[in-house]
Amino acid sequence: MQRIGVFVCWCGSNIAGTVDVQAVSDALAHEPGVVHSANYQYMCSQAGQNLIKEAIEEHKLTGIVVCSCSPRMHEATFRKTAAAAGLNPYMVEIANIREQCSWVHKDMATGTEKAIILGKAAVAKVNLNAPLTPGESPVTKRALVIGGGIAGIQTALDIADAGFPVDIVETKPTIGGKMAQLDKTFPTLDCAACILTPKMVDVAQNENIRIFSYSEVTDIKGFVGNFDVTIKKRARYVKEDICTGCGLCTEKCPMKNVPNEFNLGMDNRRAIYIPFAQAVPKVATIDPEHCNMLKNGKCGVCAKVCAAGAIDYKQQDEYISEKYGAIVAATGFNPISMDKFDEYAYSQSKDVITSLEFERLTNAAGPSSGHLVCPSDGRHPHTIVFVQCVGSRCASCSEKGKEYCSKICCMYTAKHAMLTRDKYPDTEVYVFYIDVRTPGKNFDEFYRRAAEEYGVKYIKGMVGKVSPENGKLHVQASDLLADKQLHIEADLVVLAAAIEPDKSARPLATMLTASMDTNDFFTEAHPKLRPVESPTAGVFLSGACQGPKDIPETVSQAGAAAAKVIGLLAKDKLTGNPCVANSNELMCNGCSSCERVCPYGAITYVDKEFRMPDRTTKVRRVASVNEAVCQGCGACTVACPSGAMDLKGFATKQIIAEVDAICK
Amino acid sequence: MQVNGEYKPLIVAFCCNWCSYAGADLAGNNRLAYPENVKIIKVPCSCRVNPMFILRAFQRGADGVIICGCHPGDCHYTSGNYYTRRRMSLLFSMLNFLGIEKERTRVEWVSAAEGAKFAATMNEFTEAVAALGENKRLEDLRCKR
Ligand SMILES: Cc1cc2nc3c(=O)[nH]c(=O)nc-3n(C[C@H](O)[C@H](O)[C@H](O)COP(=O)(O)OP(=O)(O)OC[C@H]3O[C@@H](n4cnc5c(N)ncnc54)[C@H](O)[C@@H]3O)c2cc1C
Ligand code: SF4
Ligand code: SF4
Ligand code: FES
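Order-wise, the sequence lines are chains W and D. Under my numbering, the residue at position 127 of the first sequence is numbered 136, and the numbers go up by one with no gaps. Under my numbering, the residue at position 117 of the second sequence is numbered 298, and the numbers go up by one with no gaps.
Only chain W is shown next, with the shape it has when bound in the complex (with noise of 0.2 angstroms):
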């Protein structure tokens, strides 16, 4: 039998204003149990908390039950009072009497009744409670960040800052992402490859980082503190530990026609490559779909040209297990695809391009040596149309963009019209803008300048189409303000795309068992509070994969990511909750049904020999809770069919309890 204490709180007057809590510590301190009842203005104060104290000592109390505002405001501080006098923390119930009756009843009398009502559930309720004690796991100080652009990068940097390691996973040959591909960035204008070089290379040099680059994870399993991780390493042919990076195989490549990504097919690799100058990891790489000799046995040139002896066809895809303790979702963003927005003719003329493209013209590194021209015919353009919002907004065509705002695009696009003003000041340059929106620091003045010191012709209005005429664009566009039709013979056309998280972005969560809203970018545990915490717990996030973010918004919260990783690792154990499901073996018949609702793969199953009356042994199957990974929802309980399955802390017997109190 429990020693019950009961312990009713005013809240000053707004529990006592509506109910009368000295009625209601009289009635409980006659229900089953219960050996102590008392009432006191503020429990949660420090006098009230050693009222509670005192009374466990002195009664020898076995369990309380504190009649108060909500749990969600003072559990934990009832919990940690009862600690404080050697019981159990969870041995304590709360009664929620302010939330749950006096702030919404304004009779006393009926306020006082439902409080006696909830007071006698918690009663009943504590009657059944059982100490519990939180299991621990040991923490794996080790991270792993998925996605090396920019946001990774930092993240990754952070955390190795701290001492603990880190592995970048990255699909492609180099880490980098999107920033790699940019040429000024706003609001500075600063050049991105300066800005971002100096980091790479401070991420290939670090101890603490490794780099899995042209890799991808495959599989995760375990939970916080303890994932297990499959990373597959693709075949490059080309051993990674050996090759310079000379590139001398890269200018010898018979095979001189493949689309270069780097540059968004704007101009031709070959078959073996280097993505950019300043790759890390620098190391060559054979694209197996364009190499003869992985197609047909033939050729060899690479091999032979390279003095190091890096080459090797035989190359297999290796799989590599690891264990971490964190992991960090990187994966950033990619714009959409233009296919279905035809009526900017972007698939009719090379002389339509995105942003993305307008960022590699322009660079330096880019296919034109950073001459900005058009495509078609290497021109340089007098007239160039900018259109933004293209798919982002769309609120009337998800089926084509995004309802979404993509964030980035009217900062970019004031950047690019200002930098083609000031370098080709005999250029006229047209926006086509639905709201231009610079908020953030430095932002709208930016935005200003390109209009006003630049003479940007920034247009309220959206173009309705682009035909292809006589070597020229033919834009046919409305300006809202001037309440007009407007028809700009354009040379270059420039479309702000709408980003969208990458395809990868959604196996990998499921994997991950992270939550993503309907976009499939990465749900925050909460949106204010927890902005780069995955509801997921031990999963984080980093840059655009959660949102469309610009650099310094994607860096801020790559760092913030790493301080939560830090956190983490630093701890040498986690503890867990202890409300979490068991089994009762005896019951149990290894049906599987719980295991088939767990969302968390919390259960397995093991072989147990049982003695049986005749004292013979069998072995049954019977279900085991991994109490480290099982967060405690119940949904296995109920879809246990013996009744094996119960749930700690709100177990069968407690709720029923509290159903028969309220019945009463």
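Mixed in with the good hints, there may be bad ones.
Here are the computed lysine-lysine pairs in the PhoX-like style, where the Cα-Cα straight-line distance is at most 20 angstroms [claimed, not checked]:
1. W:Lys261 <-> W:Lys304
2. W:Lys150 <-> W:Lys181
3. W:Lys187 <-> D:Lys189
4. W:Lys432 <-> W:Lys466
5. W:Lys481 <-> W:Lys469
6. W:Lys115 <-> D:Lys189
7. W:Lys416 <-> W:Lys450
8. W:Lys248 <-> W:Lys323
9. W:Lys673 <-> D:Lys298
Treat the hints as calculated values from the structure; they're not laboratory data.
With chain W's structure known, arrange chain D with the ligands on it following the hints.
This is chain D with the ligands only, laid out in the frame that chain W set:
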């Protein structure tokens, strides 16, 4: 349930810890009144609610039982409320067969931000149950006073 000779429906509300229980707290914070005969039982997730609990409540004299959870897609445990939806539609479809009007039960999604929805839902559900009159069919002998 009879209170001073007057019929007042007794409602048991199972609320998940992460959304609806917090929604009920918010209703409290905003002083949004709902009938005092609504009594809340906290569960970690709506998927912890065993159909047995609902039948037990009816046996013990509850007039209505409502299960509140996070909106689809928002369950703290990702898929708990989908189980709830499936399990409860199965149970509810059998209630008529047991002689319990299935309108006495309901599943509602109430987020932590929807205090007003919580109060409105409770008001509306209580009214609907009141219209059905007392639950006598499943009441067991212990309820007779
Ligand atoms: C045209 C254009 C111009 C821009 N100009 C500016 C500017 O001037 N200033 C500014 O602040 N911002 C600018 N931005 C925004 C900037 O590019 C982003 O803020 C930044 O790149 C986000 O970094 P990230 O690391 O989150 O994503 P990304 O750069 O997309 O990097 C993600 C990385 O993860 C890898 N990856 C993806 N999936 C997986 C997987 N499953 N496994 C392993 N690896 C994976 C990708 O290959 C990539 O390397 C511009 C963007 C565009 C499109
Ligand atoms: S309570 Fe939930 S998380 Fe735990 S074992 Fe059961 S289904 Fe899995
Ligand atoms: S559902 Fe119940 S009986 Fe079936 S395996 Fe799980 S615990 Fe055992
Ligand atoms: S946690 Fe609210 S329904 Fe699952």
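Do the hints match the structure? See the list:
1. W:Lys261 <-> W:Lys304: The given pair, whose Cα atoms are some 18 angstroms apart, holds under the 20 angstroms limit.
2. W:Lys150 <-> W:Lys181: Violated, at roughly 26 angstroms.
3. W:Lys187 <-> D:Lys189: Cα-Cα ~64 angstroms, so violated.
4. W:Lys432 <-> W:Lys466: Holds - the C-alpha atoms of lysine 466 of chain W and lysine 432 of chain W are around 16 angstroms apart, at most 20 angstroms.
5. W:Lys481 <-> W:Lys469: violated (23 angstroms)
6. W:Lys115 <-> D:Lys189: Within the cut-off at roughly 17 angstroms; holds.
7. W:Lys416 <-> W:Lys450: holds (14 angstroms)
8. W:Lys248 <-> W:Lys323: holds (11 angstroms)
9. W:Lys673 <-> D:Lys298: Roughly 28 angstroms between the alpha carbons, so the hint for lysine 673 of chain W and lysine 298 of chain D is violated.
Of the hints listed earlier, those the structure fails to meet are numbers 2, 3, 5, 9, in rising order.
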